[in-house]
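Novice: Go by the hints and put chain B onto chain A.
Each protein sequence line maps, in turn, to chains A and B.
Be aware that the first sequence starts at 35, since it is given in the working numbering, and climbs by one per residue.
Be aware that the second sequence starts at 4, since it is given in the working numbering, and climbs by one per residue.
Simulated from the structure, these hints should not be mistaken for lab results.
Just so you know, not all the hints are guaranteed correct.
[As the list claims (entries may be wrong)] The calculated lysine to aspartate or glutamate pairs, modelled on EDC-like cross-linking and capped at a C-alpha distance of 16 Å, are:
{"#": "1", "chain 1": "B", "residue 1": "87", "chain 2": "B", "residue 2": "162"}
{"#": "2", "chain 1": "B", "residue 1": "87", "chain 2": "B", "residue 2": "52"}
{"#": "3", "chain 1": "A", "residue 1": "125", "chain 2": "B", "residue 2": "66"}
{"#": "4", "chain 1": "A", "residue 1": "125", "chain 2": "B", "residue 2": "21"}
[Stated by the list, open to error] So the derived list for chain B, only partly shown, Cβ under 7 Å to chain A, looks like this:
{"#": "5", "residue": "33"}
{"#": "6", "residue": "34"}
{"#": "7", "residue": "154"}
{"#": "8", "residue": "197"}
Where a beta carbon is used, it is the ideal one built from N, C-alpha and C, also for glycine.
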Amino acid sequence: MSPRFPIPWRRRAPSPGLSCRELVELVTDYWEGALDAADRARFEDHVHRCGHCDAYLEQLRLTVDVAHALEPEALDPHVERELLAAFRTWKTEEAP
Amino acid sequence: MAAPDDDDTLVTRARAGDEEAFSILVRRYSPSLLRLARTYVATQAQAEDVVQETWLGVLRGLDRFEGRAAFRTWLFRILVNRAKTRGVQERRTVPYAELGTDGGGDDDGASAPSVDPLRFLPEGAWASPPQRWEDDPEVALRGKEARRIAEEAIAQLPERQRAVITMRDLEGLDSDVVRNVLDLTETNQRVLLHRARTKVRQALEDWIAA
Chain A
35 MSPRFPIPWR RRAPSPGLSC RELVELVTDY WEGALDAADR ARFEDHVHRC GHCDAYLEQL
95 RLTVDVAHAL EPEALDPHVE RELLAAFRTW KTEEAP
Chain B
4 MAAPDDDDTL VTRARAGDEE AFSILVRRYS PSLLRLARTY VATQAQAEDV VQETWLGVLR
64 GLDRFEGRAA FRTWLFRILV NRAKTRGVQE RRTVPYAELG TDGGGDDDGA SAPSVDPLRF
124 LPEGAWASPP QRWEDDPEVA LRGKEARRIA EEAIAQLPER QRAVITMRDL EGLDSDVVRN
184 VLDLTETNQR VLLHRARTKV RQALEDWIAA
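Excised from the complex, chain A in its bound form (with noise of 0.2 Å):
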């Protein structure tokens, strides 16, 4: 629990920010939009702060670029053929 009223002896509470390790762990929530306002409120206030994990997320955003370059092969024509093979069979077999 923290104290309702600030405790005079100490000059500041600790502060409930996140560390780095907790961080690196939340970026993919945040991207989602899966944090609550007060989490991403902390996440935001420790990458405006903090260089070195503005720089990981910035190489996870870089990752997701690389992966979504990645091109998918086309299907082998002679399958592709096969299936429309198929098609006309199946439109024969469908029709009344």
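Specialist: Chain B alone, transformed into the frame defined by chain A:
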């Protein structure tokens, strides 16, 4: 008004016997299906079989498909079912250590940190901080070699992590579609996606640092 080449229009046309509509759908989705199938089976040839079976399954179900579910979700679900069945049949031996560590199990992988704990000081600040990639390596990240590194890292991911990152980041599908196709909760999907991304990031970081 539906666009002439959107999925629903093409499905309706295909159902009415329009071969061109079916062929557009096959060409539109087969590359993505093929890539996702590789998550579950060991070879490209098996993946092609699975994709073929998937489209045959679509033909069998087309008359009953009511369009209430999005066609894309339905299609990917068929693919995942077939691919899993095939994967189990032809299962390569999975080392015991890999089982249950994909971050989507009962504990959501919450216990395993996604960044090496040795990179932090005891109080949680970076001891060995990440480097900025924007400057020089960003150029490298656009290159072929970076894509090869990423592809290799993705191929080594546990099954569910690989499926999620493939659908989300490679294909760019929405989280709702991915959750429905893979039967995952929102939280599970996020955990799997995060684990997958951080492993690929690590692979790229190792490569850049080398």
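Novice: Now tell me if each hint is right for this structure.
Specialist: The hints, checked one at a time:
1. 87/B <-> 162/B: Given that 16 Å is the threshold and the Cα spacing comes to 10 Å, the pair holds.
2. 87/B <-> 52/B: The given pair, whose Cα atoms are some 13 Å apart, holds under the 16 Å limit.
3. 125/A <-> 66/B: Holds. Residue 125/A to residue 66/B sits at ~11 Å (cutoff 16 Å).
4. 125/A <-> 21/B: 9 Å, holds
5. 33: 4 Å, holds
6. 34: 4 Å, holds
7. 154: The hint holds - residue 154/B has a Cβ within 7 Å of chain A, the shortest such distance being about 6 Å.
8. 197: Cβ of residue 197/B sits 4 Å from chain A, so the hint holds.
Of the hints listed earlier, there is not a single one the structure fails to meet.
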